[in-house]
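A.B. asks: With chain A's structure known, arrange chain B on it following the hints.
2 protein chains.
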Amino acid sequence: MKIVDLRKSNWESDPDLNRIKNRGQGLEGKYAQSVLEIIENVRKYGDTAVFGYAKKFDRVDLTPENVKVSEIEIEETFKKVEPEAVEAIKLAVERVKRFHEHQKENSYFVTEDGMVLGQKVTPLDSAGIYVPGGKASYPSSVIMNAVPAKVAGVKKVIMVTPAIGSLKVNPYSLVAAKLSGVDEIYRVGGAHGVAAIAFGTASIPKVDKIVGPGNIYVALAKKFLFGQVDIDMVAGPSEILIIADETANPEWVAVDLLSQAEHDELAGSFLVTHDEKTAFETVEKVNELLKKLKRKEIAKKSIENFGTVFLTENVKHSCEVANVIAPEHLEVATKEPFALLDNIKNAGAIFLGHYTCESLGDYLLGPNHVLPTGGSAKFFSPLGVYDFIKRSSILYVSKEGFEKVSSFTALLADIEGLEAHGLAARIRDEKKIKVAQKADN
Amino acid sequence: MKIVDLRKSNWESDPDLNRIKNRGQGLEGKYAQSVLEIIENVRKYGDTAVFGYAKKFDRVDLTPENVKVSEIEIEETFKKVEPEAVEAIKLAVERVKRFHEHQKENSYFVTEDGMVLGQKVTPLDSAGIYVPGGKASYPSSVIMNAVPAKVAGVKKVIMVTPAIGSLKVNPYSLVAAKLSGVDEIYRVGGAHGVAAIAFGTASIPKVDKIVGPGNIYVALAKKFLFGQVDIDMVAGPSEILIIADETANPEWVAVDLLSQAEHDELAGSFLVTHDEKTAFETVEKVNELLKKLKRKEIAKKSIENFGTVFLTENVKHSCEVANVIAPEHLEVATKEPFALLDNIKNAGAIFLGHYTCESLGDYLLGPNHVLPTGGSAKFFSPLGVYDFIKRSSILYVSKEGFEKVSSFTALLADIEGLEAHGLAARIRDEKKIKVAQKADN
Chain A
1 MKIVDLRKSN WESDPDLNRI KNRGQGLEGK YAQSVLEIIE NVRKYGDTAV
51 FGYAKKFDRV DLTPENVKVS EIEIEETFKK VEPEAVEAIK LAVERVKRFH
101 EHQKENSYFV TEDGMVLGQK VTPLDSAGIY VPGGKASYPS SVIMNAVPAK
151 VAGVKKVIMV TPAIGSLKVN PYSLVAAKLS GVDEIYRVGG AHGVAAIAFG
201 TASIPKVDKI VGPGNIYVAL AKKFLFGQVD IDMVAGPSEI LIIADETANP
251 EWVAVDLLSQ AEHDELAGSF LVTHDEKTAF ETVEKVNELL KKLKRKEIAK
301 KSIENFGTVF LTENVKHSCE VANVIAPEHL EVATKEPFAL LDNIKNAGAI
351 FLGHYTCESL GDYLLGPNHV LPTGGSAKFF SPLGVYDFIK RSSILYVSKE
401 GFEKVSSFTA LLADIEGLEA HGLAARIRDE KKIKVAQKAD N
Chain B
1001 MKIVDLRKSN WESDPDLNRI KNRGQGLEGK YAQSVLEIIE NVRKYGDTAV
1051 FGYAKKFDRV DLTPENVKVS EIEIEETFKK VEPEAVEAIK LAVERVKRFH
1101 EHQKENSYFV TEDGMVLGQK VTPLDSAGIY VPGGKASYPS SVIMNAVPAK
1151 VAGVKKVIMV TPAIGSLKVN PYSLVAAKLS GVDEIYRVGG AHGVAAIAFG
1201 TASIPKVDKI VGPGNIYVAL AKKFLFGQVD IDMVAGPSEI LIIADETANP
1251 EWVAVDLLSQ AEHDELAGSF LVTHDEKTAF ETVEKVNELL KKLKRKEIAK
1301 KSIENFGTVF LTENVKHSCE VANVIAPEHL EVATKEPFAL LDNIKNAGAI
1351 FLGHYTCESL GDYLLGPNHV LPTGGSAKFF SPLGVYDFIK RSSILYVSKE
1401 GFEKVSSFTA LLADIEGLEA HGLAARIRDE KKIKVAQKAD N
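Chains as they are written, first to last, in the numbering used here: chain A, 1 to 441; chain B, 1001 to 1441.
Extracted from the complex, chain A is given alone in its bound form (with noise of 0.2 Å):
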């Protein structure tokens, strides 16, 4: 891991700071294109530009027949998987839908002037879940955008997953989404089952919302879509950044850098400390557990590229670094980490204290894991439930409300030069209305 010495005063534009800073921008140019041509050939030709793809790009024999997953395979597969394990999909779905509760939202109204003004919360209609193939198959991402969603009060939720070389689609997957309530399978992904979703075909169906992440084709098809659906973000490699101070254990420390690591060779793990002997001797607990971690060739790699131990005078300069960076999950590793909390503004994720590593959120305690990347939690939020709703503004006047406001309606209307604006207030107007009319400016 390389070490930057960030105690300097212009440390915000030290050149390791501002790589890590700007790592979001600039991956999409090359692809634009290409997936443009299939988002517009699976709008045109549906079914038949969506099968031609998956046997292009996934090797895979699509039909009609077999595209969605059926009752009897989902029946199989809880058969075939260990009791333990459906036991802790359970159990994680139990714990996300519990406080995901806590997310749902009311209508509300007010009134004021014989008028009532207000917001009325619907659900969406439908949803589509897109989860990753292949050896990113993961039953945690199913249960963390389907919960959601379901909690909203989604009626129909669709998930998609490409089948890569066969048509087999990961059991773990298949129980988790039968778990967290999901409504139809089609084992079809890429920039072409999002389009697929996004436009309906004969075989697969149209949602309102896609959710979840994927690879650069994925990211942009959810990206171009975005209007024809809504979509949630635009999700990038993984990340991980670490405050820590002397209280902070440099093994504990080590292994979650590296279970950051482990995900993905673009991925990035952060250590940002005040202590330099924290500093040292994490970067050698890291170097140890390497040799002897099964997905060493990935995590080695993503640390070269990306690991990076930034030192820091104190801990509120901890904080303003991670603020700059604006990590998708941020650990507190400290003797007071609530004492942060107040200087902690840019975090997808925020793990308090050296008990509560990441992994344990990623799973089941409850909070979602699908959390804004590459800077993004400047602006995005996790998923949620917020992202499964939509508001509809309520306005009601009755005859004593609109004549407060008509002829204010009226001239501002006159501003505007909209005639049939200012009139549809007029003709209303019993009295009516006399407005100055508006000098040219």
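Source of the hints: derived by calculation from the structure; they are not laboratory data. These numbers were taken from a predicted model, which means no experiment stands behind them. Beta carbons: idealized from backbone N, C-alpha and C, even for Gly. Honestly, I wouldn't trust all of these hints.
Said to hold, decoys possible - Over 10 Å on every C-beta distance to chain A, these chain B residues come out as not near it, computed from the model:
#, residue
1, P1015
2, N1018
3, K1156
4, K1178
5, D1183
6, K1277
7, V1283
8, K1291
9, E1297
10, L1311
11, E1313
Said to hold, decoys possible - Stretches of chain A that chain B covers, calculated by requiring three or more beta carbons in the stretch to come under 8 Å of a beta carbon on chain B:
#, region
12, 82–90
13, 119–130
14, 216–230
15, 255–261
16, 341–348
17, 380–386
18, 420–429
C.D. replies: Okay, now just chain B, sitting in the frame of chain A:
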């Protein structure tokens, strides 16, 4: 206006209804490549690219010195604008602010098993308000975009609006910006203006989120920059749908339809009624009024393009038609409008009763007038305070809490083949967790 009879069993497949239902699709294809190129050039060349495009598209000479609207220019404008216009804008700002205060959200947490789990709510650091220039420069747009950002607590709200042909910016928009609390104003627009505030240039600051309506170039730039920054929604032409019964006043209904049609040749004006008399009388009134309006050329083209009356079986059928179309604005001009609220699922804003004409809401009732168009009310919400905050999950686990969940975490990590994830739980566990190893499925 075309009259379409939906009093048939297969009304949902009616071609006129479906043309309107799919009105939001497929506009962008031919503009994508040029917008991607503009974005790439602004990213690489900053001010040089932005000022070059302003010269080319807006025929205006921008420099680092004149791109920002000065405080003096704003003060001068206040002296020129009529006092009653300033008063009306002030009233609108106050009312919109008062309504949006109710949308503020609190951080929250729950406790269980020695754990603290919750979400921290933080306002975005900065936001950029896009305000269209030229003829479509509306002070109400400024208010509706800026006020929710300021209520959310965003410290730096900047406005961009294109100066076209000369350096002049609409004076009412400047007044509205100042009174709404906008911090800085830049006279730049188009796809290049959007890219400028997404990346930041030497003379224009970067923001975290970009909101506000614009033409197809602006809409596409926002879409392609989604992820680099957050955006609100992809806005299209404005539209109104009016559900009316025999208690509606045909002349009032006609004016309200035209107050949408006068916006834009592509605006949509739809009447849905089970009362034939109301239908025919409204069409007559529309034709009469069309002859008199100042903006009759635009309104007439708009009515020819999209103006439609749908005849239905009854008022509930009318609500179903509205849900299929999912209009931006929905007026319910019936005897008992609140009785239908439960039947209405998809609409940006719902105006209840005969006196609640859309233009009241456009200007100053309080709810936001930035609303989802093109059918996207199925999944998008009105702009609100919730668009200018973000959430961070909070997780704290005591040693006791850790012991309740650590073994399940290790098991789930084993299932997903993520060794270090499991190790993070195992290494903290004094009892050394034993979990069944998964069988291969």
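A.B. asks: Hint compliance check: list the failing hint numbers for this structure, sorted ascending.
C.D. replies: none
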